[in-house]
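Visitor: Take a look at the letters that make up each chain.
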Amino acid sequence: MDPTFILIGGSTVAIAFYVAWSIGANDVANSMGTSVGSKAISIRQAILIAGIFEFAGAVLIGIHVTKTIQNGIVDPALFSADPSIYVYGMLAALLAAAVWISISTYFSLPISTSQSIVGALIGFGVVAAGVSAVSWEKIVQIGESWILSPIAGAALAFFIFLIIKKVIFDTSKPFESTKKAIPFFTFALVSVILFSIFKSLECTDFPTICFSTALEITLVISIISAVLSYVLVNRYNPGKMETDQDVYRSIEHVFIYLQIITACFVAFAHGSNDVANAIGPLAAVINVLQSGAIESVIGVPLWLVVLGGAGIVVGLATWGYKVIGTIGKKITEITPTRGFSAEFSTALVVLVCSRLGLPVSTSQVLVGSVIGIGFAKGIVAVDLKIIKRIMTCWIITVPVSAATAAIIFICLKAIV
Amino acid sequence: MGEKLEEKDHFRAPVADTFRRKSPFSQLLEHMGKVRECIDILGDGLVGYYKGDYKDFPVLAKKVSEIEHEADLIKSNLRNHLPNSLFMPVDKGKFMWALREQDAILDHAENLVRMLDMRHTKIPKELQDVFINHAKLVMKTVEAMEDAVCNIRDLVETSFVKREREQTKQFIYKVHEFEWKADKAKYEATKGIYKFEKKLDPMDVYHLLKIADWVDDIADHAENVADWLRAMIAK
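Chains A and B are the protein sequences, given in the same order.
Per our numbering: the first sequence ends with 416, consecutive numbering throughout.
Per our numbering: the second sequence ends with 235, consecutive numbering throughout.
Bear in mind the hints are in silico, worked out from the structure with no lab data behind them.
Do not take every clue at face value.
To be verified - Restricting the straight-line Cα-Cα distance to at most 30 Å, the calculated cross-link-like pairs of lysine-lysine (DSS-like) are:
| hint | chain 1 | residue 1 | chain 2 | residue 2 |
| --- | --- | --- | --- | --- |
| 1 | B | K22 | A | K165 |
| 2 | B | K195 | A | K173 |
| 3 | B | K184 | B | K195 |
| 4 | B | K94 | A | K385 |
Said to hold, decoys possible - To give a feel for the contact side, a few chain B residues facing chain A, derived at Cβ under 10 Å:
| hint | residue |
| --- | --- |
| 5 | H10 |
| 6 | R12 |
| 7 | T18 |
| 8 | S85 |
| 9 | P89 |
| 10 | D154 |
| 11 | T158 |
What the hints assert, rightly or not - A few chain B residues that don't get close to chain A, going by computed Cβ distances all over 10 Å:
| hint | residue |
| --- | --- |
| 12 | S23 |
| 13 | V47 |
| 14 | K63 |
| 15 | E66 |
| 16 | M118 |
| 17 | P202 |
Don't be surprised by glycine CBs; every beta carbon is placed ideally from N, CA and C.
Given these sequences and hints, build the entire structure.
Guide: Structure below.
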């Protein structure tokens, strides 16, 4: 093989790993921050379960969004005459995204890695093959998902929290109501998680099971979980229950366990969506390098998804603990009942987007969910300024990443 | 970007900036704690003063001033951090009025102890019981108000369910009840002052009337806090 190709392949792998590392290091706070903040789990436990679920999400379901990044935005077929242009372009896009992610992370700007990679791909596509090289239809669809996903998160979290309020807090004996409601919550939670995972497994490299089997497995596991939760909540000794505050503390304590399950679900969904930001461009480069040409049907080798998942896990193990610790202290206002509602809706929205192949921002969906709970009067003093900041950031991110990718691409082409 | 107190963190976590880290309600409760602290020493101090014990009063006056200042800091911190972009489950204006009235209790307490410390006005033996009774009822009004304010914790935790709002209202009724009793006691005290006006030095009469008035102001403001609280939680 051509030594420049080895050099390019190697550097792409390195940058992709860096991006995955950065995603893992930073975004893990989204899934685990509240659980650590409410002292449901220790930081060490959080790292461990986040690692397992991020990796599982990335490997099992990461392929849908990876395909979008790989060939949904810039059409590879346009470069079949000169595949090396395509390789440089993908490398440039990845590098541009990595640079922007690093800068904005340093300055704590609430940008999204998904948005930077999409912006970078647009930049490379336009410079390399003209405006028509970019699938604008897909871009519009992705752009809509960036607006709709936080709104969907807000609406879903709003309703989940209202249900908790109605069936638990707004009853004459809230703790007794909690005992009765927990098995139903567990059933709903486990069945939604399992079913959405089964649905997302379709069209991946993993063996899928038919609809009725999936439904049966989901039902059986959910019922077992519900029964288990019934036993556990009835054995739970809340201690002294003299004041209303004691009662509410016990309710929150019971919800800690459900919240840990939703935290795992968020980690899974995050892995399934964000691994693509790192390995999407890499998959494109590797394909060309291996075959020497642009193939019409491009698959994503499993080892790439594993590499991306590993990068995320290394990120959260090496740097993520610091982020979790700091965030955990800042978001103590989100008690387990609130954390449960926010995380459940975030995970569900992100996983559905993953299945649809849409790269969205988990952080922004989570922000939407928290605001949704605020509107249900569940969190006092929600600062709506964050909406403006996020909007500004994503309006800046796309052109900045695009311009950076274009410049890097032109330089690369000139050098090589 | 939230409160700019801590050092800069180098990561992106917009969820941490989505809400105020220190809930305005817990700050209101913190302020309430200062009111309580002040009322506790003022209640005992007044009884001693009425009985003619002025020995420790200068120390007490200084202490009340300190508490008032500490509470002022909490109040201004809270007031300066309620931007328009902040979404709260209650009306922000009503919330601020409750805080303002709560703070007025401390302002009045401070003015009262300063005035009492400036001129040690002797309470006639015959009026001591009426005055002490009045002071105790005023303190009870504030204590009842404290119960109402502290129920905010439960309101916040349950996201303002009906049961807890009803409970707060029950506490508010108590405030009105004590305030009404305090008013009656003040009426008795004033009546007593006029009854003995011939025997008393005119300057003493002036000050006795002023003391009765100023002590009663505290109960009035406690009642105002309760009223704003009620308006705040009304649906």
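Visitor: For each hint, tell me whether it holds in the structure or not.
Guide: Evaluated hints:
| no. | hint | in the structure |
| --- | --- | --- |
| 1 | B:K22 / A:K165 | 23 Å, holds |
| 2 | B:K195 / A:K173 | 56 Å, violated |
| 3 | B:K184 / B:K195 | 16 Å, holds |
| 4 | B:K94 / A:K385 | 22 Å, holds |
| 5 | H10 | 5 Å, holds |
| 6 | R12 | 5 Å, holds |
| 7 | T18 | 5 Å, holds |
| 8 | S85 | 4 Å, holds |
| 9 | P89 | 4 Å, holds |
| 10 | D154 | 5 Å, holds |
| 11 | T158 | 4 Å, holds |
| 12 | S23 | 5 Å, violated |
| 13 | V47 | 30 Å, holds |
| 14 | K63 | 30 Å, holds |
| 15 | E66 | 29 Å, holds |
| 16 | M118 | 42 Å, holds |
| 17 | P202 | 53 Å, holds |
Hint compliance for this structure: hints 2, 12 are broken, all remaining hints hold.
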